[in-house]
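Asks: In case you want the letters, here they are:
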Amino acid sequence: MNEVAQRSDVLIVGGGLMGTTTALFLRRHHGLSVTLLERELIGRQASGTNFGNVRRQGRALEQIPLANRARAVWGRVNELLGDDLEFVPYGHLRVCYTEAQAATLEQHVRDVQPLGLDLRMFSAEALRKRWGIFSDAVVAGSLSPLDGHANPRIAGPAFGRAAQRAGAHIHEHSEVAHIERDGAEFVAHTIDGRQYRAAQLLVTTGAWSARFAQAFGEPVPLDARGPQMGVTEPLPYAIGPSIGVSTPIETEGLYFRQIARGNIVFGGGLKGPALADAVRAYVKPDNTLRQLRELRRVVPAFANVQLIRVWSGIEGYTGDWVPVLGPSVRVPGLHYAFGFNGEGFAISPGVGEVMAELIATGRTSTSIEAFSIGRFAETLQDQPVAT
Amino acid sequence: MSKPLPPAGSGGRFVRLAETDRPALHLRIDGEPATALEGDTLLVALLTHGRRVRTSEFGDGSRAGFCLMGACQDCWVWDEAGQRLRACSTVITEGMTVRTTPPASLWPVTPDVAARERGEVLR
Amino acid sequence: MTAPRVVVVGAGPAGVRAAQALVEAGVRPIVIDEGRRDGGQIYRRQPDGFTRTHAMLYGSEAAKAQALHHGFDALREHIDYRPETLAWNVTAGQLHTVHASSGETATLDFDALIVCAGATDRLMPVPGWNLAGCYSLGAAQIALKAQACAIGSRVVFMGSGPLLYLVAAQYLKAGATVEAVLDTSPAMPTLTALRGLLHRPRLLLRGLALMASLRLGGVKLMHAVAPLRIDGTPGGGVSGVVVRDARGAERAFACDAVGMGWHLRAETQLADLARCEFAFEPVSRQWLPRIDVCGRSSTPGVYLAGDGARILGADGAEAAGRLAALAALHDLDHARGRNLFASEQPALTRTLATMNRFREGLARAFPWPHAQAAALPSDAVVCRCEAVTAGELRRSVFELGSQEVNRAKAFSRVGMGRCQGRYCGHAAAEIVAAAAGVPVELVGRLRGQAPIKPLMMSTQEHE
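Residue numbers (our numbering), protein chains in the order written: chain W, 60 to 446; chain X, 2 to 124; chain C, 57 to 519.
The set of hints was computed from the structure by calculation and includes no laboratory data.
Wrong hints could be hidden among the right ones.
Unchecked claim - Derived CB-CB ranges, DEER-like:
#1 GLY141(W) to VAL494(C): 20 to 30 Å
#2 ALA196(W) to GLY120(X): 25 to 35 Å
#3 SER157(C) to GLY141(W): 32 to 42 Å
#4 GLY141(W) to ASP61(X): 21 to 31 Å
#5 VAL390(W) to GLN516(C): 52 to 62 Å
Only a predicted model underlies this, so the values are computations on that prediction, with no experimental measurement involved.
Ideal Cβ positions, reconstructed from N, Cα and C, are used throughout, including at glycine.
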């Protein structure tokens with residue numbers, strides 16, 4: 060097919076939250092023309108299947124400025140989008156089972172304070188007084204009062220619609236076969252022969268990003284893993300913050316939150332199989348049963364509650380727990396935002412603002428050097444490039 | 002053998018048509034004494050005693066079961082300890098206690114939420 | 057070779073005959089069933105201590121019911137029978153079960169899995185169907201058959217399909233007050249439908265006889281009705297039914313219970329979790345798991361039989377169960393199984409082919425009234441579990457751009473409740489298709505997710 064290529068200032072490949080937030084802010088803040096190509100439906104993969112935590116607490120310190128920036132957007136997100144994303148700012152509470160872990164929580168309180176995040180420690184007694192749901196196994200907790208949670212199923216599509224209303228060209232069912240350089244432009248070819256051109260390109264294809272980075276000479280080790288999620292029947296509304304168990308033991312990992320309608324969404328522990336090529340991810344039955352055990356352990360009242368559904372998704376993991384964010388170190392005009400290691404939801408509006416700034420002005424006020432794709436160049440330069 | 006029970010009057014929703022010559026069993030429904038017949042499911046016991054099994058969480062009123070075969074999941078009730086019972090597939094036993102509304106102890110409101118609902122600000 | 061590990065899910069007609077075939081071939085299967093007793097739905101056994109005879113319970117099918125029950129009783133010592141056991145999940149070569157009362161879990165390794173999960177009623181929402189006192193037709197029958205109760209003191213039956221007339225006639229015979237039987241299908245089936253129905257003339261005549269007995273009993277019978285609403289209050293429940301008759305006039309019937317259904321819907325969740333492929337069947341307008349003539353699914357080692365694969369009724373289920381079991385043994389290279397399969401497969405497939413033609417006749421004579429979905433007023437509840445309305449579902453199409461039912465579910469919450477879309481899924485697809493202006497097969501089907509039914513969070517891991 061020899062179609063005339065559509066041209067815009069910026070081409071975004073991948074319609075999850077990273078792509079759609081960037082598209083929105085490119086339009087709203089910078090007035091650049093944007094085309095976004097999504098293989099299937101906006102926000103359906105990791106963006107739509109994750110837990111929905113909007114937390115700064117517990118993140119790597121280098122992500123806190125970005126997370127603060129995102130939190131500012133979350134605070135006005137309904138106005139921004141004209142849609143209710145069900146963002147609930149009633150805090151994020153981390154609890155733990157050992158004094159050693161309590162000391163880790165306390166250290167984190169000290170570490171994030173200069174970064175503008177004020178956390179509060181709770182003793183077991185204080186937790187009992189304020190929440191009263193925890194078992195005696197819980198010895199301490201740490202609250203980030205202004206963190207919270209939102210609805211991931213609707214967030215990506217809502218950002219996508221807002222970007223579209225702001226003038227971005229959003230194309231669903233548009234799988235990109237390959238992207239090439241043509242002079243000073245990037246040209247993306249969809250599998251059905253359409254072409255799209257732009258001076259700048261942003262790759263936000265989540266767990267599927269490795270092949271695009273590879274094609275531009277910047278291979279990244281990227282693993283697909285499936286979050287193991289579940290949801291209960293509706294219960295009387297009782298719990299405000301999203302709650303997590305802080306532990307170095309992977310099988311004890313747990314997080315849960317109650318939505319306004321009353322259901323409790325939970326996840327955590329070992330990840331499950333995610334097959335990026337087949338676009339399929341699974342929940343392992345033994346993971347579910349283990350999660351039920353751990354939920355009873357932290358909140359005994361779960362014993363009389365019903366689990367009604369489980370699901371998984373496809374998340375990209377970079378191997379060093381650090382996302383890939385920022386400009387290419389090899390190709391001018393090329394940018395990346397992927398590999399968020401299962402923690403991208405909370406910071407996505409910040410990522411969108413930052414990438415829009417970077418693409419439009421060449422600079423960003425938020426430090427993202429730690430996330431540069433360049434860090435893999437050294438480690439992989441002596442290795443054969445995978446085909 | 003106890004005397005056969007008369008068909009449910011204005012109190013119940015279901016109507017007994019046969020098999021009434023069965024031993025009576027005693028249970029407590031929402032704290033009130035009630036009788037049913039050996040072999041009854043909990044759903045039948047509830048609906049020969051009254052006209053509802055539970056209340057919808059979403060404001061559209063009473064429910065009284067729907068499929069009677071364990072598929073619709075619309076007849077889940079509670080015992081006094083908060084244990085869940087699917088009424089259509091649970092056979093009654095002597096002395097059973099059942100509640101058509103959840104006991105408060107099942108999923109208590111946290112003081113945190115209660116305070117927020119009163120308009121207090123906690124930090 | 058070591059004894060093949062075969063697991064049968066479901067102890068209704070299909071599962072019982074599958075187990076029987078396996079035992080005859082010298083295999084000892086595990087047979088799990090969610091219920092307390094064998095028999096499934098149509099041959100559901102009454103509790104101990106009940107006195108009604110098989111003839112009173114099962115009418116013209118009494119002999120078949122008796123044969124099935126006795127057949128299973130004779131099997132008990134040759135099988136590993138686990139009642140009150142739910143298969144809550146399945147992975148490659150493993151079935152994950154939980155006991156309903158003890159909460160104990162088990163993982164059953166299998167070489168062949170024969171899924172005979174049966175069916176539920178197929179429901180089309182009617183405004184007010186979420187009121188207390190509205191039941192499926194199957195529920196009305198179970199209340200009578202298994203508990204000797206009527207669902208109310210004045211009952212209206214509404215819907216279509218042979219079960220509509222059967223249950224109404226059973227109620228009449230048992231002394232219940234039946235106000236009316238309201239059929240959404242036309243009085244005269246089309247010629248194509250009739251041709252299909254004539255494949256089983258005895259059944260066709262039985263259906264006509266049921267209608268005659270209802271008329272003789274003074275029950276109002278109406279055809280080609282359009283259900284308008286079920287009246288009542290949130291506190292008090294159902295008080296009446298209003299329909300539009302074939303001439304367009306509104307007709308109201310006072311009642312305190314409605315039994316409603318449009319034939320049956322296959323329970324396909326386990327097949328879905330077993331990653332079986334599905335295909336859309338235009339005649340019945342629903343997605344069904346793909347099977348070959350012997351019941352092999354697209355997943356090696358997984359066989360589907362009975363109403364959980366194709367609604368052929370009890371007779372068809374019995375034949376399909378036996379054939380699937382023999383096919384499984386054939387595929388496992390089991391010597392005796394291969395012999396039995398070779399000798400019986402031709403006759404069994406012929407029987408099933410005849411029944412399939414009757415099934416298609418039924419689907420045409422008593423069509424799924426899909427246009428009713430598009431006509432639902434916006435405040436009609438579609439998802440009973442979550443009280444999601446047709447309007448909210450349409451909003452997910454018009455305002456949020458859904459053109460596919462799982463997308464519509466993500467936005468509107470239809471199908472997110474405890475029943476996992478069993479009762480709203482088909483109507484939801486019709487509403488999305490009508491709103492999006494696309495054929496219903498293009499909006500897809502609600503994807504199954506574990507657990508098959510709600511799992512208590514007190515469920516323990518097994519060692």
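Asks: If a hint holds in the structure, say so; if it does not, say that too.
Replies: Against the structure, the hints:
no. : hint                               : in the structure
1   : GLY141(W) to VAL494(C): 20 to 30 Å : holds (27 Å)
2   : ALA196(W) to GLY120(X): 25 to 35 Å : holds (33 Å)
3   : SER157(C) to GLY141(W): 32 to 42 Å : violated (50 Å)
4   : GLY141(W) to ASP61(X): 21 to 31 Å  : holds (29 Å)
5   : VAL390(W) to GLN516(C): 52 to 62 Å : holds (54 Å)
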